[in-house]
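Asks: Please model the entire structure based on the sequences and the hints provided.
Chains as they are written, first to last, in this note's numbering: chain A, 22 to 361; chain B, 37 to 274.
Derived from the structure by calculation, the hints contain no laboratory data. We treat Cβ as the ideally placed atom computed from N, Cα and C, and that holds for glycine. Among the clues, some could well be false.
Ranges of calculated distance between the beta carbons of each label pair, as one might list FRET restraints [stated by the list, open to error]:
no. : chain 1 : residue 1 : chain 2 : residue 2 : range
1   : B       : Ala-44    : A       : Arg-211   : 35 to 41 Å
2   : A       : Val-120   : B       : Gly-203   : 53 to 59 Å
3   : A       : Val-301   : B       : Ser-108   : 43 to 49 Å
4   : A       : Gln-29    : B       : Gly-203   : 34 to 40 Å
5   : A       : Pro-30    : B       : Thr-38    : 52 to 58 Å
If we take Cβ atoms under 10 Å as the criterion, some of the chain B residues that face chain A in the derived model are [stated by the list, open to error]:
no. : residue
6   : Ser-93
7   : Ser-131
8   : Phe-133
9   : Leu-159
10  : Leu-164
11  : Arg-166
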Amino acid sequence: MQHVPANQPLIIAVSRIVLLGGALALMVAPRFLDPGGLTMLTEFLCLLVLALMWNLLAGYADIVTVGQHAFVGIGAYAFYGAAVLLRLDPYLAIAAAGVVALIIALPAMLIVFRLRAAYLAVGTWVVAEVLMLAAGKLPNFGFGSGVSLPVAVAREFGARPAERFATIYWLALALAIAAFLSTWLLLRSRVGLGLTAMRDNEEAAGAMGVNLLRSRIVCFLWTAPFLGLAGAIITLQKLRISPAASFSIIDWTVFVIFIVVIGGIGSLEGPILGTILFFVLREHLATLGTWHLIILGTLSIVVILIEPRGLWGLLRKALGGDVIPVSHAARADFGKAEAP
Amino acid sequence: MTNILEIAGLGRRFGGLAVINDLDLAVDDREILGIIGPNGAGKTTLFNLVAGVLLPSAGSIRYQGREISRLSTWDRCRLGIGRTYQIPRPFVHMSVFENVLTAAVHGGGQSIAQARTQAETMLELTGLARDHNRPAGALTLLDLKRLELCRALAIGPRLLLLDEIAGGLTDAEVDTLLAIIQRVHAAGTAIVWIEHVIRALRRSCHRIAVLHDGAFIAVGAPEDVLSNAHVKTIYLGE
Numbered sequence: 022m023q024h025v026p027a028n029q030p031l032i033i034a035v036s037r038i039v040l041l042g043g044a045l046a047l048m049v050a051p052r053f054l055d056p057g058g059l060t061m062l063t064e065f066l067c068l069l070v071l072a073l074m075w076n077l078l079a080g081y082a083d084i085v086t087v088g089q090h091a092f093v094g095i096g097a098y099a100f101y102g103a104a105v106l107l108r109l110d111p112y113l114a115i116a117a118a119g120v121v122a123l124i125i126a127l128p129a130m131l132i133v134f135r136l137r138a139a140y141l142a143v144g145t146w147v148v149a150e151v152l153m154l155a156a157g158k159l160p161n162f163g164f165g166s167g168v169s170l171p172v173a174v175a176r177e178f179g180a181r182p183a184e185r186f187a188t189i190y191w192l193a194l195a196l197a198i199a200a201f202l203s204t205w206l207l208l209r210s211r212v213g214l215g216l217t218a219m220r221d222n223e224e225a226a227g228a229m230g231v232n233l234l235r236s237r238i239v240c241f242l243w244t245a246p247f248l249g250l251a252g253a254i255i256t257l258q259k260l261r262i263s264p265a266a267s268f269s270i271i272d273w274t275v276f277v278i279f280i281v282v283i284g285g286i287g288s289l290e291g292p293i294l295g296t297i298l299f300f301v302l303r304e305h306l307a308t309l310g311t312w313h314l315i316i317l318g319t320l321s322i323v324v325i326l327i328e329p330r331g332l333w334g335l336l337r338k339a340l341g342g343d344v345i346p347v348s349h350a351a352r353a354d355f356g357k358a359e360a361p
Numbered sequence: 037m038t039n040i041l042e043i044a045g046l047g048r049r050f051g052g053l054a055v056i057n058d059l060d061l062a063v064d065d066r067e068i069l070g071i072i073g074p075n076g077a078g079k080t081t082l083f084n085l086v087a088g089v090l091l092p093s094a095g096s097i098r099y100q101g102r103e104i105s106r107l108s109t110w111d112r113c114r115l116g117i118g119r120t121y122q123i124p125r126p127f128v129h130m131s132v133f134e135n136v137l138t139a140a141v142h143g144g145g146q147s148i149a150q151a152r153t154q155a156e157t158m159l160e161l162t163g164l165a166r167d168h169n170r171p172a173g174a175l176t177l178l179d180l181k182r183l184e185l186c187r188a189l190a191i192g193p194r195l196l197l198l199d200e201i202a203g204g205l206t207d208a209e210v211d212t213l214l215a216i217i218q219r220v221h222a223a224g225t226a227i228v229w230i231e232h233v234i235r236a237l238r239r240s241c242h243r244i245a246v247l248h249d250g251a252f253i254a255v256g257a258p259e260d261v262l263s264n265a266h267v268k269t270i271y272l273g274e
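Replies: Shown next, in the form of structure tokens:
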């Protein structure tokens, strides 16, 4: 049964203030952080974007992809190609990474949308690996070992490293805010209402008129440019592209799955909570080497066994409401006039 | 008088098992048709074929004169085929109101703002108004059956497929349900109703059809069908 704590509105209000406070802290962070701290926050924001996107696909549209890293890699290579090989304005090159990812998502849909469930997971993984291998065959991109970003391109984002780190941070923050706000609006829209129904019961959603195919297409095409843009910003930070790092399944897919599963799949709060927890754990467990990954994996299994909807699922049960409101309510006085 | 639904030579096999076998049926657009039959006769499979969850192995399904047997579930819903599930399939983490709103928005082809009124009207009609704010997962089985009906009504159906919504209701609740069904029917909706509660069918249906081993063995006025000796042997066990 639904349990609502007596001071629910207060707890939700405080949670929202904490969330807003966190967002404000991100806005002023460059004033207070050293380059190391800023780099970590940039990584945090990029991973948050990846988590929001994987959550939209796997948590709502039932596209449980294990090939998300492909679009990060495509973004990285597209950025390098546009900025270095085509000598475009570097900011324009970042935008190009998003556009290229979107364009490649179109034919990718033909493969992905023929598959369901476990076949889809394997299929997306295979497609991503093939793309990684193909990237290693590109002569102008340093073949299998990759290539560094020329100093001249990096300098466009700031003459000194400190300035550059700040610029990259602002780009990552802008992307994360755009990803969050637009996904929030999507979930509150007509399409999002259908997606939320799909999350809960796909067959019934279809029977109630939700166009399952179109909803999946919207989600797939929605995520691709964000993933590509994240790939470009990650490249800027690492100053290097390579098939192994740019298309890293561990960094851009496996960690992201951990984050969303632990944080809470099928909610907007979950990916945020999961990304914060992931970085807290990473900072404290980094010295443990491989144990870090074993602990993460064990944690996600334990969370799934206790509550399939993750930590946020547990918190939401206790709270009885959303911190980030995506739901639709009837008018305030509806249902009150009736006799008990 | 025109037929809203015309099924001809319909067949559905699962491997070697023919669950629906050369089935014919015509439903008038002003009709309430009851379907009875023993468990495993293929009743729910028939609904799944009409609603588009399953594709037929043979035969045709025409709705308002149009062949629909290859359309998706959502396209059929948009054309006005509403259905309830025998085992309720609510959107458990959404509120009761949102469950109904989703049907009104997507099945009814409305904007969220337009669909609100429709959703509220249907919640009041089915007696769920007081529970509109609760998560659907917290409802009792009885209320979940109401929600099934409410959602199906919110799409604005021209043809309503009801799958055992009267089971477990008290006599008073059956009366309430029949009143709702009469109202929906009076507003111009044809109804096909699978039900084991014979007294509910007897009071509301124009015709009753008996499904046995994937085909109809009797179709006609309730009194005629229910007094048919063959039907009594197979279904009523007399």
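Asks: Taking the hints in turn, state whether each one holds.
Replies: The hints, checked one at a time:
no. : hint                              : result
1   : B:Ala-44 x A:Arg-211: 35 to 41 Å  : holds (37 Å)
2   : A:Val-120 x B:Gly-203: 53 to 59 Å : holds (56 Å)
3   : A:Val-301 x B:Ser-108: 43 to 49 Å : holds (45 Å)
4   : A:Gln-29 x B:Gly-203: 34 to 40 Å  : holds (36 Å)
5   : A:Pro-30 x B:Thr-38: 52 to 58 Å   : holds (55 Å)
6   : Ser-93                            : violated (20 Å)
7   : Ser-131                           : holds (6 Å)
8   : Phe-133                           : holds (5 Å)
9   : Leu-159                           : holds (7 Å)
10  : Leu-164                           : holds (8 Å)
11  : Arg-166                           : holds (5 Å)
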